[in-house]
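Novice: Use the sequences and the hints to build the structure in full.
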Amino acid sequence: MKYDSAIAANRFGLGAKPGELKKIDSNPRAWLLDQLQGPSRLPGELSDLPGTAEVLVDIQDLRREQREMRAAATDQPAPDIVQKYGQKVRGHYLEQTNARYQYAVATDFPFHERLVHFWSNHFAVSADKQPMPAVAGLYENEAVRPNVTGNFADLLIACEQHPAMITYLDNQRSIGPESMLGRRANRVQRERNIGLNENLAREILELHTLGVDGGYSQQDVTTFAKVITGWSIGGASDTGRFAEGTPGEFEYRDMIHEPGDHTVLGTRYSQRGVAQGEAVLRDLALHPSTARFLASKLATHFVADEPPADLVDELAATYLEGGAELAPVYEALIAADTAWTEPHSKYKSPHDFVVSTLRAFDHVPNNTRFIVGALDLMGQAPFRPGSPAGWPDSAEHWGGADALYKRIEWSNTVSRLVGTRIKPVELGDDVLGATFSTESRKAVSRAETNVQGMTLLLASPDFQRR
Amino acid sequence: MISRRDILRFAGVAAMAGGIPGLTFARTESDARFVLVILRGAADGLAIAAPYGDGNYRKIRGELALPVPGESGGLKKLDGLFGLHPSLSNVYEQYREDQALIVHAVASPYRERSHFDGQDVLENGAAQVGSLRDGWLNRAIEPLGGALGDELAIAMAQNTPLVLRGDNSVTSWAPSQLPDAEESTLRRLQDLYASDEFFATRLTQALDAQAIADGEAGMAQMRSRGNDAEQLRTMMQAAARFLTAEDGPRIAVVEASGWDTHANQGTTTGSLANRLESLDNGLLTLQSGLGNAWSKTIVAVVTEFGRTVAVNGTRGTDHGTASAAMLLGGAVAGGRVVTDWPGLRSADLYQGRDLKPTTDIRSVFKAVLAEHLGLPETHLDNVVFPDSKSAEPLRDIVRS
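Going line by line, the protein sequences match chains A and B.
For what it's worth, our numbering labels the leading residue of the first sequence as 87, then goes sequentially.
For what it's worth, our numbering labels the leading residue of the second sequence as 376, then goes sequentially.
Some hints could be false.
Computed, partial: chain B to chain A, Cβ under 10 Å [what the hints assert, rightly or not]:
id	residue
1	415
2	416
3	451
4	491
5	526
6	530
7	556
8	694
9	726
Hint data in this document are derived by calculation from the structure and do not stem from the laboratory.
Ideal placement from N, C-alpha and C gives every residue a C-beta, glycine not left out.
Specialist: Here is the structure:
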């Protein structure tokens with residue numbers, strides 16, 4: 087089997103399933119290109135999930151109950167309500183996480199799915215802030231998944247206007263000081279500082295588009311925050327003006343939008359309403375700094391922690407020439423020789439390691455906590471990077487001593503579950519193909535038991551890298 | 376006592392670390408312990424230690440101003456200018472026993488407002504963004520014998536934060552609920568990893584940490600379950616075990632996230648108060664776990680930058696510049712707030728919005744490294760914190 091097949095399946099894909107290398111061996115690059123459209127239909131586990139609005143309404147009732155009880159009893163809400171809320175949120179989280187990993191293990195479009203995971207991490211909403219655990223998986227499916235092979239501007243707008251992002255970065259109640267509501271409130275109660283929250287605006291510039299060195303100032307952050315005032319969600323409060331709109335859906339609120347023209351990065355925007363922010367986002371998508379930043383992140387993810395500079399240049403140029411179309415960038419990446427020369431240049435993240443292991447076994451244990459537990463233990467709890475920057479993408483970060491030990495322990499644990507059903511050497515040949523080194527193969531074949539052989543295979547440098 | 380670590384080390388890649396276990400003179404020459412606690416997300420220094428005595432504080436902090444000392448739920452009086460957040464009751468007790476010190480209006484050399492660049496500069500010890508790939512605490516331990524064998528420093532996490540990454544061998548540890556792999560499997564892995572330095576060093580480091588944890592009662596039962604507060608407590612408990620283990624590390628790094636309070640940060644109660652309470656409990660756990668070693672310990676609690684002085688539109692605060700740092704432990708000459716207070720008039724603020732930095736955080740770190748860990752100042756000025764001669768170590772903050 088060709089070297090290229092192993093690289094296509096393990097670096098670009100999510101790790102080979104048994105038989106996958108053989109199947110794609112005639113033309114691994116064509117196999118990748120064919121995936122760019124994604125599957126025509128999503129499987130039940132993903133398409134049957136509820137929508138974000140439905141979930142937000144579902145948990146909002148319990149939140150309201152908590153508040154009402156607190157108000158009525160002038161003390162803490164009954165523990166069972168708090169517990170019920172926690173259980174409900176956790177239930178949604180486990181359901182979505184389970185669906186994500188069931189699908190990642192099963193899919194025949196693993197390159198497309200890797201792109202979904204890549205962009206959902208780029209536009210991270212972290213489940214360590216409420217109510218993100220209940221909606222992070224839905225956000226990935228609703229805002230990210232439909233847009234990963236389209237135009238970056240559409241992906242960007244879909245993410246920034248998704249209720250999960252609006253809530254995560256506190257934009258729903260960011261109020262333009264000169265907006266109708268801002269002026270009134272500041273007149274009535276001077277010291278109560280009604281106004282901007284610049285969180286979303288800053289992270290769009292720093293993390294989603296230009297990058298931290300992309301050439302924006304604090305003034306740009308503040309002005310851009312004004313531009314996107316009014317980007318809110320329906321039912322942002324129980325009563326009053328913020329209650330308006332369809333609960334749990336994007337809602338533009340003109341009464342808190344900072345009126346007038348605004349200048350961001352030297353361009354004057356005279357649009358009104360939500361169109362003004364969308365115009366800024368469309369320009370940001372086409373900015374050379376954005377092209378460089380995205381190109382560098384993609385090259386880092388697919389090629390090496392420190393990717394070749396000419397590859398980054400090439401991807402950035404392709405991106406700009408295509409007017410922020412993403413498919414040509416992926417095509418350029420697949421066509422780049424540097425992506426195929428060094429077989430093991432990336433140390434797998436825990437996510438990659440767990441997914442590729444289960445794909446090799448072609449099996450996900452029927453226990454929703456299994457994957458969440460494993461990833462949590464290895465330091466990468468699903469949808470929980472802990473910050474809007476998402477998970478880092480380098481061996482420096484994932485290479486903690488304890489993290490490796492956890493991978494070994496987990497390899498040993500899952501190998502015991504598999505028992506003698508799978509022969510480790512055969513599996514190594516099957517899923518690592520030409521990248522299964524002589525040393526690793528020898529170590530695996532000399533193991534005392536099947537379980538030990540499987541543990542050595544999974545913990546081997548060949549399997550730990552992609 | 377021959378530990379599993381020794382067996383594995385000599386059976387497998389004994390020469391890898393190039394050392395003889397036990398030959399760690401740093402540990403015998405000095406019992407000094409150092410714990411670095413990183414608060415990720417930019418903790419609000421004006422809430423940790425509020426300048427209630429500054430005439431502009433109440434006006435500019437508005438609804439987020441904390442009640443003055445003496446009022447119900449009020450600040451805990453540090454001096455005529457500052458009060459400690461009411462959630463920090465253990466820290467306050469240490470302060471009254473002269474074992475806690477606050478450094479205020481402190482910042483790293485970083486002057487922009489990105490968390491991630493800010494944390495990089497806090498941790499790599501550089502004078503500007505993007506210039507160093509390893510961490511200052513890793514470079515610092517070089518003369519202490521980090522290269523002699525066992526790891527002198529440990530990260531209480533699966534992965535090693537930037538501040539500890541680098542050429543000197545360190546390790547990391549987090550609780551596990553998985554069964555151990557068989558010893559023969561580990562040996563075979565050592566053999567398999569022998570030709571791959573990345574894996575070989577990490578496995579050796581991990582086995583060292585495991586060997587210590589195996590020897591400490593109760594550590595195998597530790598779990599990383601529960602909420603952030605419970606997890607922090609577990610990590611502090613574990614840090615204390617490692618730092619007091621006979622052959623254990625003497626430096627630990629603990630991380631706590633969730634300090635980015637853009638909305639509804641609260642005052643005496645609320646989200647920030649809860650975080651501070653869990654930090655306070657964590658520090659108490661560390662202190663009790665260290666027992667007698669507390670007298671030889673310095674804990675530094677730091678964050679990447681502070682938050683805006685004024686409240687934002689959503690009852691929170693946005694990214695700012697200077698914040699407050701805390702030093703605790705028996706080796707701290709505490710009971711004081713150390714600051715060159717810049718004031719809170721709008722003309723006093725950095726770029727009209729942030730607390731102006733008047734103390735360089737490197738001055739705090741240098742004082743601890745020089746006076747507590749006994750590191751030479753030339754090493755600190757040139758290697759640990761390059762281009763930092765102007766940031767002189769703070770004097771008299773370590774008990775002599």
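Novice: Now, for every hint given, state plainly whether the structure supports it.
Specialist: The hints, checked one at a time:
1. 415: This hint holds: residue 415 of chain B lies near chain A, its Cβ roughly 7 Å from the closest one there, short of 10 Å.
2. 416: holds, 7 Å
3. 451: Not OK, violated: residue 451 of chain B not within 10 Å of chain A, min 24 Å.
4. 491: holds, 5 Å
5. 526: holds, 8 Å
6. 530: holds, 7 Å
7. 556: holds, 4 Å
8. 694: holds, 7 Å
9. 726: holds, 7 Å
The structure does not agree with numbered hint 3 stated previously, though it agrees with all others.
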